Each structure stands twice: as structure tokens, then as C-alpha cells.
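A.B. asks: Kindly produce the complete structure, drawing on both the sequences and the hints.
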Amino acid sequence: MSGRWLTRIAAALLFISLAASTLPRLIALVNDARSMLPLPYEARRERQMGPWYVSIEKLRRDLRPNEPVALITSRRDIDSAVFANYYLFPIHTRLYLGRNAYRNAAPDPARPAVLVAVNPSHAERTAYDILRDRDLAAGRRIVAEPELSAPMTAFVLPLAASLDGPPPGTFVIEATLVNPNPVPAEVRMTFWPKGLTRTIVIAARSTKTYYDLVYQLYGIMNAGWMRVDSSQPLRAAFYFANRGRGDATLMPNAVADATRIAPAPLHRDTKLFVINPKDSRANAILNGESIPLDPHAFLSRPIETLPAVSGNVYAFVTTRELNGKTDFLWPQ
Amino acid sequence: MIGLAVTLVLFPLAGWSLGRRSIGEAFLFGAGLTGSVLFIAGVLHVPLVIALVLIGAWSVGCGVWELRRRRRGMPSDPPLPTPHSPLPTILMCIPLLALTFVAAITPLNDFDGRAFWVLKAKEIAREHAIDGPSFKAVTLDPRKNHYPILIPLDGAVILGIAHDFDDRQLRWFYLGVLAALALLVRERIGRLVSPSAGAWCAALLVWIPQFSVEAEGGALSAYNDLAIAAFAAGAFFELAEEVAKSAAPKRRDFGAIRFGLWLAFLILTKSEGLPFAIVFLAVGAFVFRKRIASSAIVAGIAAVALFIWRTRIPPGDEEDIIRLLPTIPQKLHNVRAALAAFPRHMLLMPHWGLFWIAVIIAAVLALRTDRRNATLAISVVAAMLAVYVLVYVATAWVVSDLIAVTADRLLMHVIAPSLFLLAIATRASILESRTVD
Numbered sequence: 042m043s044g045r046w047l048t049r050i051a052a053a054l055l056f057i058s059l060a061a062s063t064l065p066r067l068i069a070l071v072n073d074a075r076s077m078l079p080l081p082y083e084a085r086r087e088r089q090m091g092p093w094y095v096s097i098e099k100l101r102r103d104l105r106p107n108e109p110v111a112l113i114t115s116r117r118d119i120d121s122a123v124f125a126n127y128y129l130f131p132i133h134t135r136l137y138l139g140r141n142a143y144r145n146a147a148p149d150p151a152r153p154a155v156l157v158a159v160n161p162s163h164a165e166r167t168a169y170d171i172l173r174d175r176d177l178a179a180g181r182r183i184v185a186e187p188e189l190s191a192p193m194t195a196f197v198l199p200l201a202a203s204l205d206g207p208p209p210g211t212f213v214i215e216a217t218l219v220n221p222n223p224v225p226a227e228v229r230m231t232f233w234p235k236g237l238t239r240t241i242v243i244a245a246r247s248t249k250t251y252y253d254l255v256y257q258l259y260g261i262m263n264a265g266w267m268r269v270d271s272s273q274p275l276r277a278a279f280y281f282a283n284r285g286r287g288d289a290t291l292m293p294n295a296v297a298d299a300t301r302i303a304p305a306p307l308h309r310d311t312k313l314f315v316i317n318p319k320d321s322r323a324n325a326i327l328n329g330e331s332i333p334l335d336p337h338a339f340l341s342r343p344i345e346t347l348p349a350v351s352g353n354v355y356a357f358v359t360t361r362e363l364n365g366k367t368d369f370l371w372p373q
Numbered sequence: 005m006i007g008l009a010v011t012l013v014l015f016p017l018a019g020w021s022l023g024r025r026s027i028g029e030a031f032l033f034g035a036g037l038t039g040s041v042l043f044i045a046g047v048l049h050v051p052l053v054i055a056l057v058l059i060g061a062w063s064v065g066c067g068v069w070e071l072r073r074r075r076r077g078m079p080s081d082p083p084l085p086t087p088h089s090p091l092p093t094i095l096m097c098i099p100l101l102a103l104t105f106v107a108a109i110t111p112l113n114d115f116d117g118r119a120f121w122v123l124k125a126k127e128i129a130r131e132h133a134i135d136g137p138s139f140k141a142v143t144l145d146p147r148k149n150h151y152p153i154l155i156p157l158d159g160a161v162i163l164g165i166a167h168d169f170d171d172r173q174l175r176w177f178y179l180g181v182l183a184a185l186a187l188l189v190r191e192r193i194g195r196l197v198s199p200s201a202g203a204w205c206a207a208l209l210v211w212i213p214q215f216s217v218e219a220e221g222g223a224l225s226a227y228n229d230l231a232i233a234a235f236a237a238g239a240f241f242e243l244a245e246e247v248a249k250s251a252a253p254k255r256r257d258f259g260a261i262r263f264g265l266w267l268a269f270l271i272l273t274k275s276e277g278l279p280f281a282i283v284f285l286a287v288g289a290f291v292f293r294k295r296i297a298s299s300a301i302v303a304g305i306a307a308v309a310l311f312i313w314r315t316r317i318p319p320g321d322e323e324d325i326i327r328l329l330p331t332i333p334q335k336l337h338n339v340r341a342a343l344a345a346f347p348r349h350m351l352l353m354p355h356w357g358l359f360w361i362a363v364i365i366a367a368v369l370a371l372r373t374d375r376r377n378a379t380l381a382i383s384v385v386a387a388m389l390a391v392y393v394l395v396y397v398a399t400a401w402v403v404s405d406l407i408a409v410t411a412d413r414l415l416m417h418v419i420a421p422s423l424f425l426l427a428i429a430t431r432a433s434i435l436e437s438r439t440v441d
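In order, the protein sequences belong to chains A and B. For the first sequence, the numbering used here puts the final residue at 373, and the numbers step up evenly by one. For the second sequence, the numbering used here puts the final residue at 441, and the numbers step up evenly by one.
Any given hint could be a false lead.
Claimed, not checked - Computed beta-carbon distance windows for the label pairs:
1. ILE54/B with ASP310/A: 53 to 61 angstroms
2. LEU363/A with ASP168/B: 57 to 65 angstroms
3. ALA344/B with ARG175/A: 39 to 47 angstroms
To be verified - Okay, derived cross-link-like pairs now, SDA-like style, lysine to any residue, Cα gap no bigger than 20 angstroms in a straight line:
4. LYS140/B with ILE132/A
5. LYS140/B with ASP257/B
6. LYS140/B with ARG135/A
7. LYS148/B with TYR128/A
8. LYS148/B with ARG116/A
9. LYS140/B with PRO153/A
10. LYS148/B with ARG181/A
11. LYS140/B with THR248/A
12. LYS140/B with PRO81/A
13. LYS140/B with GLU322/B
14. LYS148/B with GLU322/B
15. LYS148/B with SER121/A
16. LYS140/B with ARG152/A
17. LYS148/B with TYR127/A
18. LYS148/B with LEU328/B
Honestly, the hints are just simulated from the structure, not real lab data. All values reported here derive from a predicted model rather than from experimental measurement. Ideal placement from N, C-alpha and C gives every residue a C-beta, glycine not left out.
C.D. replies: As C-alpha cells, then:
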């Protein structure tokens with residue numbers, strides 16, 4: 042056999058080895074393209090990328106082109122955010138790995154106000170508190186075995202909050218409400234000073250728990266105090282918890298005015314809180330100064346030293362230790 | 005359709021504006037020239053729109069003049085070879101036509117193209133600058149900020165003229181690079197070896213899965229490895245032409261400058277382009293001798309412009325290989341994986357078929373019969389793969405992960421010298437058989 046024929050056979054073998062791999066894939070690509078041909082271009086992308094791209098199209102309709110967007114994602118899902126950035130173009134986006142990264146960027150004036158949460162299944166416009174709630178719901182409550190109070194039908198929770206402090210501070214109220222009675226308990230919970238009321242029913246001999254009482258009941262991130270009125274005596278435990286630090290403090294279920302705070306060391310960010318749980322005006326006297334309080338008022342002010350407090354109000358002090366833990370000085 | 009029109013008209017005209025060349029070479033040369041001029045204009049803070057208008061006017065004017073001149077037929081210029089080999093021509097056209105159909109219909113769906121390259125094209129088109137807010141923003145985005153942007157600049161030209169940021173406008177460009185590379189291979193190997201060899205090499209090229217149908221790096225993606233392969237082919241064929249001319253009577257031309265321009269395109273296309281250009285300069289010094297200085301100056305201008313641009317923008321999450329090189333002694337455990345990377349990927353049938361086995365056999369045959377050309381091609385392939393092996397050893401990534409996602413694409417870069425080896429080996433065997441007959 043001549044060299045010419047050997048060359049031809051070798052070239053044919055080489056070509057066949059390439060075509061054997063390329064041809065089936067080429068045919069598949071052409072068939073795929075043919076099946077897409079009747080579809081509009083965006084529908085072809087929907088077919089390629091599925092519901093994720095549909096959610097991107099919705100975002101493109103909803104978002105303003107000149108308003109920058111924060112893409113919140115996790116390290117694991119970063120590719121989805123990169124492609125969201127690509128398909129949302131020309132909208133300016135900034136990528137944040139997690140809600141805390143966005144929160145930590147608060148001092149940055151360029152931090153976008155509009156948030157989009159992205160994962161491999163979809164992208165959606167959202168709000169910071171929704172992301173926060175998802176994170177908290179996905180995590181675990183700090184107090185696994187709450188210390189329940191004696192049965193009561195009406196009491197005041199002197200501090201009810203759902204707030205973020207300096208990172209990683211994430212303040213919530215972890216609540217446990219136990220109905221030990223053989224009949225359901227109807228519980229009216231009023232968040233003051235906003236005056237928001239929610240009524241919940243706790244079935245007979247059952248328990249309701251909350252990882253973030255204020256947000257779960259009222260859908261807001263705020264601070265105040267809470268009045269609890271139940272149709273049946275309840276055993277309850279409310280912890281002021283810092284999910285960012287993993288510490289929690291049991292709070293008293295107050296039933297009467299109290300202002301006498303025992304001396305204790307004050308650290309930093311010390312605040313005096315005064316609440317008026319009554320439906321009428323009240324007077325708080327701080328170091329001899331009379332301060333009139335509206336019904337259901339919630340007053341807080343920074344202090345350096347422990348003041349002398351009196352009046353028909355409820356007062357307490359919070360102070361933050363150097364390690365970030367919040368200490369409470371309750372009235373006796 | 006505007007994207008298609010710009011791709012088919014502007015880049016070839018820009019390529020023809022600097023002299024007579026085949027359509028494939030004109031497209032690649034024009035794409036490189038447009039991107040490079042815009043990049044240097046951007047570094048010099050010349051408004052990109054003005055630079056683009058000037059390039060457009062120059063390209064249309066000179067390109068059309070060159071085409072008319074060619075049609076009239078200048079007696080001083082030898083005719084370009086027009087090999088009529090029906091079978092390889094048909095075989096070359098089949099995948100190109102199929103890919104054209106697919107590119108016209110299916111949207112871009114790759115990773116790097118959307119994550120980096122086309123995104124940068126969109127940003128440049130929006131900001132009319134190569135160091136605008138998108139490049140200056142320090143974010144967590146894995147955007148490889150310091151990657152060279154010649155191809156995104158070409159993309160920005162298409163998007164800008166089309167007034168449309170949709171990537172469908174760019175689908176033609178990447179396919180055009182493959183078609184142009186095939187035509188360049190066909191024409192140059194046709195001239196250097198034989199028209200038949202050129203036609204068959206071009207046909208083989210477009211049937212290599214890694215070039216045609218591979219989702220990451222192929223003609224249907226928006227990766228830049230195809231462009232690197234094409235510009236490296238341009239540079240390599242300038243070298244091969246020079247070797248061929250050295251045997252023929254001397255005729256003054258601008259081969260060294262053209263070689264330098266191809267190297268500049270390499271440098272401005274991808275990070276791998278700079279070491280590739282250095283390898284080419286080192287090999288080219290033996291070919292062009294003193295004239296390599298003009299190539300080095302042209303390539304040096306591109307490299308300096310790239311470094312100046314990089315100092316103006318914050319780095320992204322890309323690896324700084326130069327800084328990693330001193331860490332090689334601590335990473336000797338990567339050597340085995342790095343050395344095995346290319347042999348293992350060369351044997352991946354779904355990506356390469358028997359191509360690399362054929363190239364290795366061809367290299368041995370070619371060394372026996374056409375030592376000079378074979379040495380040239382082998383030295384370019386070996387030196388470049390050695391550089392890539394060094395990068396694999398030095399990388400801060402998990403080396404096996406890096407190899408898995410890059411080795412096949414890096415092999416694309418040395419396609420032209422590899423096809424050239426195949427061509428000269430077949431010529432050698434045919435000549436041998438004629439001698440025996």
C-alpha cells in the first residue's frame with residue numbers, strides 16, 4: 042500500500058473519530074434549535090433556564106432601570122447571582138453574600154436600597170426584614186428549655202423587640218406560651234406604643250413558640266412593650282435573645298408598677314427604659330425631674346449613672362458588657 | 005440582524021484596511037485591530053465613540069479601496085490560492101452551516117461568556133469606557149476585573165452599533181471567529197503546504213468537538229479561547245510564512261509587524277496571551293532575527309497599555325500568576341497532576357477524537373522530513389504547554405479542579421501549529437510515496 046493511501050486512511054480515521062463525537066451532538070443541537078424556532082427569543086431562554094429565568098423576567102418588569110439593586114445570595118449560590126446580574130443588565134447590581142454582608146455595608150452610601158434574593162431556583166424582590174426572618178426561621182432558638190412562669194391571665198412584657206444591633210447583634214424575643222388547661226386559651230397580645238393587637242388561640246394542653254415574637258405577630262421590626270391578656274391562665278417564658286451572639290435573658294412578666302432598680306455595674310450603651318402600662322397618663326420622676334408620660338408610652342434614654350426613679354410607671358435599665366452581652370437591671 | 009451585519013462587514017473591512025488578505029484572516033485581523041485600537045484609545049482616554057467612528061470611517065474607506073484594488077487585480081500581488089477541493093469544502097461547510105442555524109436560534113447559555121466576557125462587553129457599551137464605574141467598583145462579584153478586554157471591546161462595538169445589550173447580537177461574532185480561523189487555516193496551510201492539505205485541515209478543525217459543539221469554549225459559547233486560538237494561528241502562520249520565504253528570493257514586507265500585531269491581539273485577549281506572546285517572540289527571534297525588534301515593539305505597546313489599564317482599576321478575584329511563581333517550591337506535589345493534565349485531556353475522545361494522537365505521530369514523521377517547519381511548530385506547542393503546566397503547578401486553586409475546567413480550552417490555543425504538523429506530515433508521506441513510485 043502506498044504512502045498516499047496510508048495517509049488517506051489515517052486522515053479518514055481521524056475524521057471519523059472527530060465526526061463520531063461531533064455529529065450526534067450537532068444533530069442534537071440542530072434539533073433543539075428547530076424545536077425552539079417557533080418560540081419568541083425570551084421564551085427560548087425560559088426553556089433553557091426554566092422558572093429561574095421567568096423570575097428574572099418578572100424582576101426586569103418590576104424594577105426601575107436606574108435604581109441599583111442589591112443581589113443577596115449565599116456563597117454556594119453565587120453563580121445564580123452572577124447570572125442574575127447578567128440578565129438584569131443594564132440595571133446596576135451589587136452582590137452581597139448573605140443578609141449580614143448587606144447589613145454590614147450599612148455605612149456605605151452606595152449600598153442599594155432595593156433587595157433581590159437570588160438562589161438557583163428563582164430570584165425575587167424582597168425586603169431586609171423578610172430575609173432576616175427567613176434566616177431566623179432557618180436557625181435554632183437559643184433557649185431550648187425555657188423557664189416557664191407560674192400560670193397567669195394578664196401581665197406586661199416590659200420589653201418586646203425585633204431589632205438589629207451593631208453586627209452581629211440580632212435581637213428578638215423568644216417566646217413560649219403553654220396552655221395547661223383542658224380548654225383552649227384565647228390570648229390577646231398588644232404591642233405598645235404602636236397599639237397593634239393580635240389574638241391567638243392556644244389549643245387545650247398545648248404550647249405555642251415564637252423565635253421572633255414581635256416580627257412573627259406583627260410583621261414589623263420595632264421595639265416597645267407588650268400586654269398579654271389570656272382567657273385562661275398561661276405559663277409563659279419570654280427571653281430577650283441576641284441570635285447574633287447566642288445569648289438570651291429571661292424577662293419578668295410584670296404585673297404592677299415598679300421603679301426601684303438595685304445598684305449594679307453599668308457598662309456601655311446603658312439605657313433607662315420607662316413604660317406606662319396604664320390606659321391613663323402617668324408621671325415618671327427621674328432624679329427629681331417629673332416627666333409626664335402618655336398612656337402606653339415607651340420611653341428610653343441613655344444614662345451614665347443609675348438614676349433615682351419613682352412614679353406610677355415601670356422602669357428598668359439595660360447595659361452592654363464589653364463582650365456585647367446585654368444585662369438587664371429589673372426593678373424590685 | 006444588526007449584530008450579524010456588523011460582524012460580517014466591519015471586522016473584515018477593518019482587516020482589509022491594512023492590506024490584502026483572505027476573508028478569514030481579514031475578519032480576525034480586523035477584530036484584533038478594532039479591539040486593540042479601542043483599548044489603546046481607552047487607555048489614552050480618547051472617547052471610545054470617537055475612536056469607533058474613526059475606526060469605522062478608516063475601515064470602510066481603506067477596506068473598500070483595497071477590495072476594489074483587488075478586484076482590478078494588481079499585477080504586483082500574487083493571486084491568493086483558491087483550492088478547489090469539493091469534499092473537504094463540503095465537510096467544512098456542514099458544521100459551520102449547522103452551527104449558524106443553532107446560533108441564530110438558541111440563546112447563549114455558557115458560563116464564562118455570561119459571567120465575564122459578554123457582561124464586560126455590555127458594560128463597556130453602556131459606559132463608553134474601559135475603566136468606567138463597572139470596572140472601578142470594588143465588589144464581591146467574581147468578575148475577573150483584570151482580564152484583558154479585546155474581545156469584549158469588539159462585542160461592545162456590536163452592541164453599541166446595534167443599540168441593543170442582548171447577547172443575541174454577539175452570537176455571530178464567536179461563530180465568525182471559528183469560521184475565520186477555519187478559512188485562515190485553509191488559506192495559509194493551502195499556501196504553505198498544499199491547497200488540499202489546507203482544505204482538509206480546515207475541515208478537520210471545524211469537526212473537532214471542542215471547537216464546534218463543546219458548551220464551554222466552543223463556537224456556541226462566548227469564551228475567548230477560540231479567539232486566542234485564532235490569533236495564535238495568525239502569529240504562527242506569519243512565522244511559517246517567514247520560514248518559507250527564507251528559502252525563496254528576499255522580498256521586503258511587513259511580516260514582522262504583522263507578527264507583532266497578532267501578538268498584541270493575543271496579549272489583549274486573555275491573560276494567557278502574554279506568556280504566549282513571549283513564547284512566540286522567543287521562537288520568532290530565530291526566524292525574523294533582527295526584525296523581531298519591530299514585533300517586540302508592537303507587542304510591547306500592547307503589554308504596556310494593558311499594565312497601565314490594570315493599575316487604574318482594582319483587581320478582581322483572578323490569580324496573579326507572577327506572584328504565585330515563587331511559591332512553586334511549596335507546590336511540587338502539583339507537578340504530577342500538572343504533567344499528566346494535557347496527555348490525559350488529549351486522549352478525551354468526546355473532546356478531541358484521535359486528533360492529538362494523530363498530531364503526535366505527525367510530529368514524529370514531520371521531524372524526519374521537514375525538520376525546520378516541524379521544529380517551529382513543535383517548539384511553539386511544547387513551549388506553550390510547558391508554560392501552562394507551570395501555571396498548573398503554581399496555582400492556588402485545587403489543581404485537579406483547574407485542570408478539569410481549563411485543559412481542553414488551553415489545548416485549543418495550539419491548534420494551528422498542530423494542524424500544520426498534520427499537513428507537513430501528510431505532504432512528507434505523499435512525497436515519499438511519489439519517490440518510491
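A.B. asks: Indicate, hint by hint, whether the structure satisfies it.
C.D. replies: Comparing the hints with the structure gives:
no., hint, in the structure
1, ILE54/B with ASP310/A: 53 to 61 angstroms, "57 angstroms, holds"
2, LEU363/A with ASP168/B: 57 to 65 angstroms, "58 angstroms, holds"
3, ALA344/B with ARG175/A: 39 to 47 angstroms, "45 angstroms, holds"
4, LYS140/B with ILE132/A, "16 angstroms, holds"
5, LYS140/B with ASP257/B, "42 angstroms, violated"
6, LYS140/B with ARG135/A, "13 angstroms, holds"
7, LYS148/B with TYR128/A, "18 angstroms, holds"
8, LYS148/B with ARG116/A, "17 angstroms, holds"
9, LYS140/B with PRO153/A, "17 angstroms, holds"
10, LYS148/B with ARG181/A, "37 angstroms, violated"
11, LYS140/B with THR248/A, "55 angstroms, violated"
12, LYS140/B with PRO81/A, "36 angstroms, violated"
13, LYS140/B with GLU322/B, "15 angstroms, holds"
14, LYS148/B with GLU322/B, "5 angstroms, holds"
15, LYS148/B with SER121/A, "17 angstroms, holds"
16, LYS140/B with ARG152/A, "15 angstroms, holds"
17, LYS148/B with TYR127/A, "14 angstroms, holds"
18, LYS148/B with LEU328/B, "17 angstroms, holds"
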